[in-house]
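Residues per chain are reported as follows:
2 protein chains.
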Amino acid sequence: MKTLIVHAHPEPQSLNSALKDLAVTTLEKAGHEVRVSDLYAMKWKAVVDAADYGSAASKPLKVARDSGVAFDAGTLTPDVRAEQEKLLWAETIIFQFPMWWYTMPAILKGWVDRVFTYHFAYGVGEHSDIKYGERFGEGTLAGRRALLSVTVGGPESHYSARGINGPIDDLLFPIHHGILYFPGIEVLPPFVLYGVDRMIRADYPDLAKAWERRLLTLESTEPIPFRRQNFGDYAIPSLQLKEGLEPTGRTGFGLHVRS
Amino acid sequence: MKTLIVHAHPEPQSLNSALKDLAVTTLEKAGHEVRVSDLYAMKWKAVVDAADYGSAASKPLKVARDSGVAFDAGTLTPDVRAEQEKLLWAETIIFQFPMWWYTMPAILKGWVDRVFTYHFAYGVGEHSDIKYGERFGEGTLAGRRALLSVTVGGPESHYSARGINGPIDDLLFPIHHGILYFPGIEVLPPFVLYGVDRMIRADYPDLAKAWERRLLTLESTEPIPFRRQNFGDYAIPSLQLKEGLEPTGRTGFGLHVRS
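Residue numbers (the numbering used here), protein chains in the order written: chain Z, 1 to 259; chain D, 1 to 259.
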């Protein structure tokens with residue numbers, strides 16, 4: 001199994017970095033190939049701007065269009081091309097990050113904003129009466145699987161079905177479904193560590209064991225059964241879920257998960 | 001009314017920048033004071049790192065704790081202190097940005113990550129049997145109101161109750177509730193423009209009129225009625241919504257909005 005780990009924490013001695021290091025050693029020991037994009041160590045440029053598109057940058061700048069022109073011409077910056085190449089190489093992608101303000105740190109969002117260009121991650125495939133592009137279950141990155149490994153400061157109850165922050169599955173849905181499933185990646189249930197603000201060193205061995213177990217069962221873990229876009233569940237082009245497909249009373253993001 | 005506009009688009013000739021400019025002129029013409037944080041023009045540093053905390057940065061770095069130490073000592077970097085001062089000055093805060101991958105661009109997330117420090121935006125107030133910090137309806141920024149003005153590439157149906165992307169209110173909930181309401185800001189219903197990828201110049205006058213109408217009625221617009229944390233709706237410290245408060249069948253993020 002070829003695994004890319006995208007890691008987003010500024011401190012090499014942090015829990016996040018320990019989990020990243022443990023993933024590398026655990027997977028390599030099990031015979032897998034591993035590559036790491038350690039965004040802070042790479043001094044990853046987090047911000048989309050005209051410099052990303054070189055001579056493909058129009059005036060005025062059109063972010064989506066220009067990113068596609070540069071992608072097609074092979075003139076995206078080397079850092080972005082390297083990440084796209086890693087994604088095409090990988091069979092599994094692990095994202096290791098702390099939840100900051102209910103989503104990923106800016107440096108990781110900037111990795112998405114810059115690497116997931118037009119014609120690579122979106123604007124792929126034909127639009128017709130029965131197909132609205134290759135998205136949500138199809139796309140450039142189809143055949144790959146991803147896993148979020150996330151640390152959360154607060155306790156689990158705050159992220160439960162009735163917890164004040166909202167359910168963790170809903171908080172992660174825009175990443176799982178909107179960022180990863182959109183270009184075709186299957187998404188495994190996340191590995192979430194809660195209460196890390198109050199964690200002490202003695203807590204580490206147990207959670208390291210839990211992480212190792214997840215890593216060593218990646219290949220047998222079933223992905224979240226998101227609904228595919230172009231296979232009958234959605235009206236085209238409104239992309240609204242057809243009536244009657246969901247269990248009674250289900251609403252919101254949960255509609256897009258098969259029962 | 002003192003209004004801060006936080007603007008996140010790289011192109012001064014973009015629709016987003018036009019909406020930002022229109023907000024400035026409309027509000028100033030109506031007699032309001034306006035300040036603008038144009039993050040791209042300011043070359044805003046998007047990434048949290050040890051340099052943010054100066055001599056308060058511990059080794060190893062502890063992002064939350066160190067940011068609070070630096071805040072208390074007044075030694076955060078000048079760019080961050082300036083933004084905190086603008087937030088304290090403002091009565092209304094408008095965020096102008098394009099939806100990129102279902103949330104804000106990295107540069108704006110980096111503004112949140114760096115400006116919303118411990119002891120300023122979180123870790124405020126006492127924890128007791130009846131209070132779990134000043135959060136969600138209380139906090140440093142209480143008494144202020146915010147409005148997201150967001151451009152979206154796709155059509156509105158894709159963001160409707162049954163739309164494939166998920167309902168827009170749920171996609172924006174982590175920003176509305178998790179980022180803004182958390183430190184005490186009341187949140188107005190968002191101004192969302194859909195289908196901007198296919199928009200033409202002739203569409204602009206009508207949407208400019210709609211934006212002006214929203215701007216000139218900010219003071220009379222009712223905020224989204226999020227539930228306050230410390231006033232009886234939630235069990236403390238689990239912060240789970242008590243049973244029976246919501247309309248039958250409501251689940252997910254919607255639980256945290258009063259009927």
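To be clear, the hints were calculated from the coordinates, so they are not data collected in a lab.
Treat the numbers as computed from the prediction; the structure is a model and nothing was measured.
Among the hints, a few may not be true.
Unchecked claim - Heads up, simulated BS3-like pairs for lysine-lysine below, C-alpha to C-alpha not over 30 Å straight-line:
{"no.": "1", "chain 1": "D", "residue 1": "Lys2", "chain 2": "D", "residue 2": "Lys43"}
{"no.": "2", "chain 1": "D", "residue 1": "Lys209", "chain 2": "D", "residue 2": "Lys242"}
{"no.": "3", "chain 1": "D", "residue 1": "Lys2", "chain 2": "D", "residue 2": "Lys45"}
{"no.": "4", "chain 1": "Z", "residue 1": "Lys43", "chain 2": "D", "residue 2": "Lys131"}
{"no.": "5", "chain 1": "D", "residue 1": "Lys131", "chain 2": "Z", "residue 2": "Lys86"}
{"no.": "6", "chain 1": "D", "residue 1": "Lys131", "chain 2": "Z", "residue 2": "Lys62"}
{"no.": "7", "chain 1": "Z", "residue 1": "Lys209", "chain 2": "D", "residue 2": "Lys45"}
{"no.": "8", "chain 1": "Z", "residue 1": "Lys209", "chain 2": "Z", "residue 2": "Lys86"}
{"no.": "9", "chain 1": "D", "residue 1": "Lys209", "chain 2": "Z", "residue 2": "Lys59"}
{"no.": "10", "chain 1": "D", "residue 1": "Lys29", "chain 2": "D", "residue 2": "Lys62"}
{"no.": "11", "chain 1": "D", "residue 1": "Lys209", "chain 2": "Z", "residue 2": "Lys45"}
{"no.": "12", "chain 1": "Z", "residue 1": "Lys62", "chain 2": "D", "residue 2": "Lys209"}
{"no.": "13", "chain 1": "Z", "residue 1": "Lys45", "chain 2": "D", "residue 2": "Lys43"}
{"no.": "14", "chain 1": "D", "residue 1": "Lys59", "chain 2": "D", "residue 2": "Lys2"}
{"no.": "15", "chain 1": "D", "residue 1": "Lys59", "chain 2": "Z", "residue 2": "Lys43"}
{"no.": "16", "chain 1": "D", "residue 1": "Lys45", "chain 2": "Z", "residue 2": "Lys59"}
{"no.": "17", "chain 1": "D", "residue 1": "Lys2", "chain 2": "Z", "residue 2": "Lys59"}
{"no.": "18", "chain 1": "Z", "residue 1": "Lys43", "chain 2": "Z", "residue 2": "Lys2"}
{"no.": "19", "chain 1": "D", "residue 1": "Lys59", "chain 2": "D", "residue 2": "Lys43"}
{"no.": "20", "chain 1": "Z", "residue 1": "Lys29", "chain 2": "Z", "residue 2": "Lys86"}
{"no.": "21", "chain 1": "Z", "residue 1": "Lys62", "chain 2": "Z", "residue 2": "Lys29"}
{"no.": "22", "chain 1": "D", "residue 1": "Lys45", "chain 2": "Z", "residue 2": "Lys62"}
{"no.": "23", "chain 1": "D", "residue 1": "Lys45", "chain 2": "D", "residue 2": "Lys86"}
{"no.": "24", "chain 1": "Z", "residue 1": "Lys45", "chain 2": "D", "residue 2": "Lys2"}
{"no.": "25", "chain 1": "Z", "residue 1": "Lys43", "chain 2": "Z", "residue 2": "Lys62"}
{"no.": "26", "chain 1": "Z", "residue 1": "Lys29", "chain 2": "Z", "residue 2": "Lys2"}
{"no.": "27", "chain 1": "Z", "residue 1": "Lys43", "chain 2": "D", "residue 2": "Lys209"}
{"no.": "28", "chain 1": "Z", "residue 1": "Lys45", "chain 2": "D", "residue 2": "Lys45"}
{"no.": "29", "chain 1": "D", "residue 1": "Lys59", "chain 2": "Z", "residue 2": "Lys45"}
{"no.": "30", "chain 1": "Z", "residue 1": "Lys43", "chain 2": "Z", "residue 2": "Lys29"}
{"no.": "31", "chain 1": "D", "residue 1": "Lys2", "chain 2": "Z", "residue 2": "Lys43"}
{"no.": "32", "chain 1": "Z", "residue 1": "Lys62", "chain 2": "Z", "residue 2": "Lys2"}
{"no.": "33", "chain 1": "Z", "residue 1": "Lys209", "chain 2": "D", "residue 2": "Lys59"}
Stated by the list, open to error - Just a few of them, taken from the derived set where beta-carbon distance is under 8 Å, the chain D residues facing chain Z:
{"no.": "34", "residue": "Phe136"}
{"no.": "35", "residue": "Tyr204"}
{"no.": "36", "residue": "Gln229"}
What the hints assert, rightly or not - Ranges between beta-carbon positions, derived for each pair:
{"no.": "37", "chain 1": "D", "residue 1": "Ile130", "chain 2": "Z", "residue 2": "Arg198", "range": "49 to 57 Å"}
{"no.": "38", "chain 1": "Z", "residue 1": "Thr251", "chain 2": "D", "residue 2": "Ile236", "range": "21 to 29 Å"}
{"no.": "39", "chain 1": "D", "residue 1": "Arg35", "chain 2": "Z", "residue 2": "Pro12", "range": "47 to 55 Å"}
{"no.": "40", "chain 1": "D", "residue 1": "Lys209", "chain 2": "Z", "residue 2": "Lys59", "range": "25 to 33 Å"}
The beta carbon of each residue, even a glycine, is placed where N, CA and C say it ideally should be.
Evaluated hints:
Between D:Lys2 and D:Lys43 the CA atoms are separated by roughly 24 Å; this keeps the pair inside 30 Å, and the hint holds. Straight-line distance between C-alpha atoms of D:Lys209 and D:Lys242 comes to about 43 Å, which puts the hinted pair past the 30 Å bound. For the proposed pair D:Lys2 and D:Lys45, the alpha carbon gap of about 25 Å is at most 30 Å, so the pair holds. Between Z:Lys43 and D:Lys131 the alpha-carbon distance is near 41 Å, which puts this suggested pair outside the 30 Å criterion.
Distance hint between D:Lys131 and Z:Lys86 is unfulfilled; the C-alpha atoms sit about 47 Å from each other, more than 30 Å. Distance restraint check for D:Lys131 and Z:Lys62: the Cα-Cα separation of roughly 48 Å exceeds the 30 Å cut-off, and the hinted pair is therefore not satisfied. A distance of roughly 37 Å separates the Cα atoms of Z:Lys209 and D:Lys45; the hinted pair therefore is violated under the 30 Å criterion. Restraint check for Z:Lys209 and Z:Lys86: the C-alpha separation of about 28 Å stays at or below 30 Å, so the hint holds.
In summary, the hint linking D:Lys209 to Z:Lys59 is supported, as the alpha carbons are separated by about 27 Å, within the 30 Å threshold. For the suggested pair D:Lys29 and D:Lys62, the alpha carbons sit about 46 Å apart, so the restraint of at most 30 Å is broken. Between D:Lys209 and Z:Lys45 the CA atoms are separated by roughly 37 Å; this puts the pair beyond 30 Å, and the hint is violated. A hinted pair counts as satisfied when its Cα atoms are at most 30 Å apart, and Z:Lys62 with D:Lys209 qualifies at roughly 24 Å.
With a C-alpha separation of about 12 Å, the suggested pairing of Z:Lys45 with D:Lys43 holds against the 30 Å cut-off. A threshold of 30 Å between alpha carbons decides the hint, and for D:Lys59 with D:Lys2 the separation of about 40 Å lies outside it, so the pair is violated. At roughly 19 Å between alpha-carbon atoms, D:Lys59 and Z:Lys43 fall within 30 Å of each other, so this suggested pair holds. Proposed proximity of D:Lys45 and Z:Lys59 is supported: the alpha carbons are some 24 Å apart, at most 30 Å.
Restraint check for D:Lys2 and Z:Lys59: the C-alpha separation of about 34 Å exceeds 30 Å, so the hint is violated. A distance of roughly 24 Å separates the Cα atoms of Z:Lys43 and Z:Lys2; the hinted pair therefore holds under the 30 Å criterion. Taking the CA atoms of D:Lys59 and D:Lys43, the gap is near 28 Å; set against the 30 Å cutoff, the hint holds. This hinted pair checks out: Z:Lys29 and Z:Lys86 have alpha carbons roughly 21 Å apart, not beyond 30 Å.
Only pairs whose Cα atoms come within 30 Å are accepted, and Z:Lys62 paired with Z:Lys29 is rejected, the gap being roughly 46 Å. Restraint check: the Cα-Cα separation between D:Lys45 and Z:Lys62 comes to about 22 Å, which is no more than 30 Å; the hinted pair holds. Using a Cα cut-off of 30 Å, the hinted pair D:Lys45 and D:Lys86 holds, with the two alpha carbons roughly 17 Å apart. Between Z:Lys45 and D:Lys2 the alpha-carbon distance is near 34 Å, which puts this suggested pair outside the 30 Å criterion.
Of the pairs offered as hints, the one joining Z:Lys43 and Z:Lys62 holds, with about 25 Å between alpha carbons and a cut-off of 30 Å not exceeded. Restraint check for Z:Lys29 and Z:Lys2: the C-alpha separation of about 13 Å stays at or below 30 Å, so the hint holds. About 43 Å separates the Cα atoms of Z:Lys43 and D:Lys209, which puts this hinted pair outside 30 Å; it is violated. At most 30 Å may separate the alpha-carbon atoms for a hinted pair to count; Z:Lys45 and D:Lys45 meet this at roughly 10 Å.
Between D:Lys59 and Z:Lys45 the CA atoms are separated by roughly 24 Å; this keeps the pair inside 30 Å, and the hint holds. Distance check on the hinted pair: Z:Lys43 and Z:Lys29 sit about 28 Å apart at the alpha-carbon level, within 30 Å; holds. Proposed proximity of D:Lys2 and Z:Lys43 is contradicted: the alpha carbons are some 37 Å apart, above 30 Å. With a C-alpha separation of about 35 Å, the suggested pairing of Z:Lys62 with Z:Lys2 is violated against the 30 Å cut-off.
For a cut-off of 30 Å, the pair hint linking Z:Lys209 to D:Lys59 stands: about 26 Å separates their Cα positions. The interface hint given for D:Phe136 holds, since its Cβ lies 6 Å from the closest Cβ of chain Z, which is under the 8 Å cut-off. Because the smallest distance between the Cβ of D:Tyr204 and any Cβ of chain Z comes to about 14 Å, over 8 Å, the interface hint for this residue is violated. The restraint placing D:Gln229 at the interface with chain Z holds, with a minimum CB-CB distance near 6 Å, inside the 8 Å limit.
About 21 Å separates the C-beta atoms of D:Ile130 and Z:Arg198, a value inconsistent with the hinted range of 49 to 57 Å. One distance hint, 21 to 29 Å for the beta-carbon pair Z:Thr251 and D:Ile236, holds here, with the actual separation near 28 Å. Roughly 38 Å separates the CB atoms of D:Arg35 and Z:Pro12, a value that falls outside the hinted 47 to 55 Å. Restraint check, D:Lys209 to Z:Lys59: a C-beta distance of roughly 28 Å satisfies the suggested window 25 to 33 Å.
The structure is inconsistent with the numbered hints 2, 4, 5, 6, 7, 10, 11, 14, 17, 21, 24, 27, 31, 32, 35, 37, 39, although it conforms to all the rest.
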